[in-house]
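K.L.:
Here are the chains, one letter per residue:
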Amino acid sequence: MPVQDAHGLKVWQRRTSRESLFHWVLWLVGIAIFAYCWQQISAATTWFFVWDAPRIAGDIWTRATPPRWEYIAQLGRPIWDTLNIATLGTLLALIMAVPVAFLAASNTTPSRYLIRPIALLIIVSTRSINSLIWALLLIAIIGPGVFAGVIAIAIRSIGFCAKLLYEAIEEIDDTQVEAITATGASRWQVMAYGIVPQILPAFAGIAVFRWDINIRESTVLGLVGAGGIGLQLSSSLNVLAWPQVSLILLVILLAVVISEWVSAKVRGAII
Amino acid sequence: MSDTTFDVNARIGQPWKKPHFIQRRWLRWTLLAGFIAYLIASYMTIEVNWSRVYEGLERGKNFVLAFTSPDFTSRSSDIYEGMVESIVMTVASSVVGIAISIPIALGAARNVAPLPVYLICRGIIAVSRALQEIIVAILLVAIFGFGPLAGFLTLSFATIGFLSKLLAEDIESMDKVQAEAIKASGARWAQWINYGVQPQVMPRLIGLSIYRLDINFRESAILGLVGAGGIGATLNTAFDRYEYDTAAAILLIIIVIVMALEYMSGVIRARVQ
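Protein chains in written order, with full-length UniProt numbering: chain A, 1 to 271; chain B, 1 to 273.
Next comes chain A alone, as it looks inside the complex (with noise of 0.2 Å):
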């Protein structure tokens, strides 16, 4: 047990001198690294802007509020692209992701040393990747649009919903597919009866956790001119209509907020 030795009483502490030594090290090199990044920002920083930034603040603010509301007319059009894109998207997203979900779960998938890393390859670069940028490329490819929005959604959460649908797969009952394998089932029947009622309230879970983020994903896609609301909301940015972007913001947020409760609704039933 670390103990000091203070004026012939023995102190208690938490760590040996050797520890705390390591310990104010790492901070030590923390800090150092912490000042270095600050010392870069600042310097890339036009410290005139920051002072004036409350000045600033304020007079966006009075020019924003209140919110052009007759607006709202031209939204529902761009609300429901958005809803399109993160719901297609989503549902392209899970009918590629289940195989390779299949195949890079170590329990399923066909090879374990050539399959598997590609299927976790696949997962990793989908999800390293964000859907503004595959929104990007997309538009380069196939032109801006609400279908490019659509794949981009799609590809970016192919990642997510196969790394959570693997992790699903592998944590089966084995007894259970023991079990439908033992009645002389085939291959597919295994997968049929024996897999898929296992997993299927957590790939229902995950369909719906996926739409809920793709719902929030999907109403900035228009910035880069993939569709949806955002087109409005980088539009009314360039000609500087602060009483529209309050008003948009605003809508984005309710479409947020209902697609949680939704989420959170529909997760409660299923789980």
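It is worth saying that the hints were derived from the structure and are not from the lab.
On a predicted model such as this, the values are computed, not experimentally measured, just so you know.
Glycine included, C-beta positions come from ideal geometry on N, C-alpha and C.
One or more of the hints may lead you astray.
Partial list, derived from the structure: chain B residues whose beta carbon lies under 7 Å from chain A [said to hold, decoys possible]:
no.: 1; residue: I46
no.: 2; residue: R52
no.: 3; residue: V91
no.: 4; residue: A130
no.: 5; residue: G145
Given the structure of chain A, go ahead and fit chain B onto it with the hints provided.
P.N.:
For chain B alone, coordinates are given in the frame of chain A:
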């Protein structure tokens, strides 16, 4: 299953059928019909310009091919500067965000904080979670001007909502007995937190912090699209100029860094737990 009583003789010789996921027949069919109707309606409103898509396939092929020959050199200084800026923003915002979210997490845990503090902290968390990173970035760029400072503030703000919420849940589900033992020894509030609460939530805090570092890096890659600094600006220009080999190089670097972070977080989490 609902039909617990059935005639065995009538069932003999009939193949077994899998029970449906939704038991009520009318509900099943209404949901299915509604969903199909929605799919048709949404499919009708999406205009796909197939000739444009067909033209684009060539560019798509070029992009995929670009991954086999990524160009790290011709824009190397832009890539390097953007990457350093992204990493700098990630590190600084994670540190500041985590430092701010610890007191907020303590305030948002009902077993540590009194009701008024709890409500305020939960409010902060709700606001931070509801606003999306890119929207916050747009507003902060408008207020603070272009550059990494806006990105740094955006990511710090987003970190607060994420980390405080999960940490507060962990504090709420901690083992009360250990904390009580510390309290019984006559500890002050700060000592109680330091010796009773902190050791219990520390592994979770470290795990969440590394996870958030990972998320912040990924987000920092897109903040450049709205002028908030980082690699996103370089990536955007590469796409605009159809320089797919440079874009492929940037995407590969992002994927490698994310994979490295994921591996590192796995190692560290295994060590602390």
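K.L.:
Using Cβ atoms only, decide whether R52/B comes closer than 7 Å to chain A, and label the hint accordingly.
P.N.:
Hint holds; R52/B Cβ to chain A Cβ min 4 Å, cut 7 Å.
K.L.:
Just to be careful: measuring from the Cβ of A130/B to every Cβ in chain A, is the smallest value less than 7 Å?
P.N.:
For A130/B, the interface hint holds, since the closest Cβ of chain A sits about 6 Å away, which is under 7 Å.
K.L.:
Hey, does the I46/B contact hint survive, CB to chain A under 7 Å?
P.N.:
5 Å, holds
K.L.:
Please verify that hint: V91/B, Cβ, nearest Cβ of chain A, below 7 Å or not.
P.N.:
5 Å, holds
K.L.:
Would you check whether G145/B satisfies its interface hint, that is, whether its CB is within less than 7 Å of any CB in chain A?
P.N.:
4 Å, holds
In terms of the numbered hints stated before, the structure departs from none.
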